[in-house]
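Participant: Please construct the entire structure, taking both the sequences and the accompanying hints into account.
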Amino acid sequence: MITDDLLALITAAVDGELSPTETQRFRRLLDSSSEAREIYVRLKTDSTRLRNLPPTPPPANLHQRVMTKIAALTPPPSARPEPALPPSLPRSSPGQPQPVEPAMLPFVGRNGKSRRWVPVAVAASLLLAISGSSFWFFSKAGDKAGSVAHRTPDRPPPATHSGAGDPDWVKWLPSESGQQPITPTPNAVPHGSQIIRNDSIASVTLPVESIAVVTAPEPRLIRNSNIMGAEVRSEIPPLDLIRVRVPFLKQLSDFDREDTRQQFMEELARDPAFRIDIFTRHMPRSVEWFRAAAKSAGVTIFVDPTTLERVNKGQINSVVVYTESLTSAELSDLFTKLCAEDATISPRVFDVIHATPVLQADQEALRSILGIDPGLFKRPTQEKGSDSAKPISAGTADQIVKTLTTGQGKGSEKCAMLMTWLPTAARTVPAASPELKQFLLKRGDRKANAVPAVIVIRFGNG
Amino acid sequence: MSEDDRRLILDCLGGRKDAFDELVSRYQARLYNAASRLVDNPEDAADVVQDAFLNAYQSLHTFKGDAEFFTWLYRIAFNTAISLKRKKRAVVSLDSGGPEGGIDPDDPSEYIKPGAALERSEEETQLQDAITRLSHEHREVLVLKDIEGMKYEDIAEILGVPIGTIRSRLHRARLELRVLLEPED
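Chains as they are written, first to last, in this note's numbering: chain A, 1 to 462; chain B, 1 to 185.
Calculated from the structure, these hints are not laboratory results. None of the values given here were measured: they were computed from a predicted structure. Heads up, a few of these hints could be off.
[As the list claims (entries may be wrong)] Pulled from the structure, derived: some chain B residues nowhere near chain A, Cβ distances all over 12 Å:
#1 E43
#2 L84
#3 K85
[As the list claims (entries may be wrong)] In silico negatives: residues of chain B with every beta carbon more than 12 Å from chain A:
#4 A67
#5 H136
#6 G160
#7 V161
[Unchecked claim] SDA-like cross-link-like pairs, simulated, lysine to any residue; straight-line CA separation at most 20 Å:
#8 K437(A) with L308(A)
#9 K44(A) with D129(B)
#10 K151(B) with G65(B)
#11 K17(B) with A72(A)
#12 K44(A) with K151(B)
#13 K44(A) with E124(B)
#14 K44(A) with K17(B)
#15 K69(A) with A29(B)
In this text, a Cβ means the ideal position worked out from N, Cα and C, and glycines have one as well.
Facilitator: Here's what the structure looks like:
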């Protein structure tokens, strides 16, 4: 049965506009559904037929018609044409020639349209006016500056056209005899100043006097030539090589990449058991997605109904899914399917996935949730090779037959248990959960290559 | 935008009429092909193209150059086609005397030239007939996507709607076209 969502995926494939995630999803759909293949072929054929429609040639006189209409809008060729008017404004009749205006880009014709160069011209003229008036004002002020020099006795008056001949300036300048000027203080007039001869100003050449230069103190002597403050060691001791193990930390959306899946499986091979935290933006939806992904991965999830009810009410901010029957490849496949489920909706629900080896605290928490010791740190013993010469006992034969016919063997079924993780006060009492009992019955012996996983789906910010 | 188009537009704005002549020569065939799929007869298609170029010439100074010239031109052409259809619909509703108030779309093949319908293959006729019976929205997006080969982004730019809307319109358009073509298959 093809849902609307899958139909939309098929039509997007016909459009040729699938994202990489959608492309993978589409390929899986084609692989799994003959109905989808048939629909895709039909729609693609329709699209190809449309694409192959021969183009309809335009009438032979279309170009002429267009240019005639345009010519009717423009002035005769001897005058430069007026650029077009905006469509929203009233146009003149096509038959009437427009008045010729010098073409300026961008420029819109007359009849009350804005002229873009006008503001620039106004600004330029204002600037000139301000500059001119400022110049006039300050030049006037300079002429009066000498008369108000007494108001600032400690400072020389502003420069004037009279220059050194200005009586107000004279008292600031040292005289040729070397005598100090009458009014100024030593700080106001630097010693040894020279006046640059200027034809417009009556210049007075003064003798250059020595200037007392204050020098900085001598730098302190450094006994140790090592300016960094530490001696350079002649022998470098051997360096310790520290290998830092960085935990697996990726976006769930990266699980559509092969290198991410490979890195995940390599990480899972390094320790007996793992805690895998998945951060989500929407708890109820994430639980629903996880269950769907587990189902498509062939994993049976036993769900505590009290936990589910509290998730939907928003009373729980994290749940735990415990499984000890999946290998690293099967766990990778589970998260890949979860990634695909998450990609069906925008924005995505899941965020980061973080895998670390379990700690003792995790085992303690799990023990309180399951009511049993899960033995996370125990590795199952490898099955010893059987002695083919030894006859199989009747009980063993019955067990084998039962396994093959009913599938109810120890550790043959992939299963997991979903319970409340936090808050601890909201955890279901293990004895009160029939689903937990079912899970523990199905659990069986752990496979040799299985990786116990404490998967915590938790609400994360952003 | 291609450098050629940019140069022609600048020349045209500088007063060179032959520059716009060159633009018309470049794009009239393609524009006419698209317009002929949108409207119901070749004469209307020619009017759409003519008005589109005229509007483009008059508003050339407003073209910012941030998109392809033909995308901008198509947008004008499609708006022109919509206006033409609305005008025709209003005229038809006043003129029609039947109790239902509507008429069947004209057979476009009759307007091209005598015998033209015979020259076209039966398949093309069926397909063109199906396109004619599509709703206007669906016809637009299919023409731009399949006949003009445009991407979602360009179609969204031309029609002035979000990309998500284009995707869902194309989805419905394809299904509608499939239904229309079903009896002939």
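Participant: Compare the structure with each hint and give your call.
Facilitator: Checked hints:
{"no.": "1", "hint": "E43", "verdict": "violated, 9 Å"}
{"no.": "2", "hint": "L84", "verdict": "holds, 16 Å"}
{"no.": "3", "hint": "K85", "verdict": "holds, 18 Å"}
{"no.": "4", "hint": "A67", "verdict": "holds, 18 Å"}
{"no.": "5", "hint": "H136", "verdict": "holds, 16 Å"}
{"no.": "6", "hint": "G160", "verdict": "holds, 16 Å"}
{"no.": "7", "hint": "V161", "verdict": "holds, 15 Å"}
{"no.": "8", "hint": "K437(A) with L308(A)", "verdict": "holds, 17 Å"}
{"no.": "9", "hint": "K44(A) with D129(B)", "verdict": "holds, 19 Å"}
{"no.": "10", "hint": "K151(B) with G65(B)", "verdict": "holds, 19 Å"}
{"no.": "11", "hint": "K17(B) with A72(A)", "verdict": "holds, 12 Å"}
{"no.": "12", "hint": "K44(A) with K151(B)", "verdict": "holds, 16 Å"}
{"no.": "13", "hint": "K44(A) with E124(B)", "verdict": "holds, 16 Å"}
{"no.": "14", "hint": "K44(A) with K17(B)", "verdict": "violated, 44 Å"}
{"no.": "15", "hint": "K69(A) with A29(B)", "verdict": "holds, 18 Å"}
Hints 1, 14, counting from the list given before, are not met by this structure.
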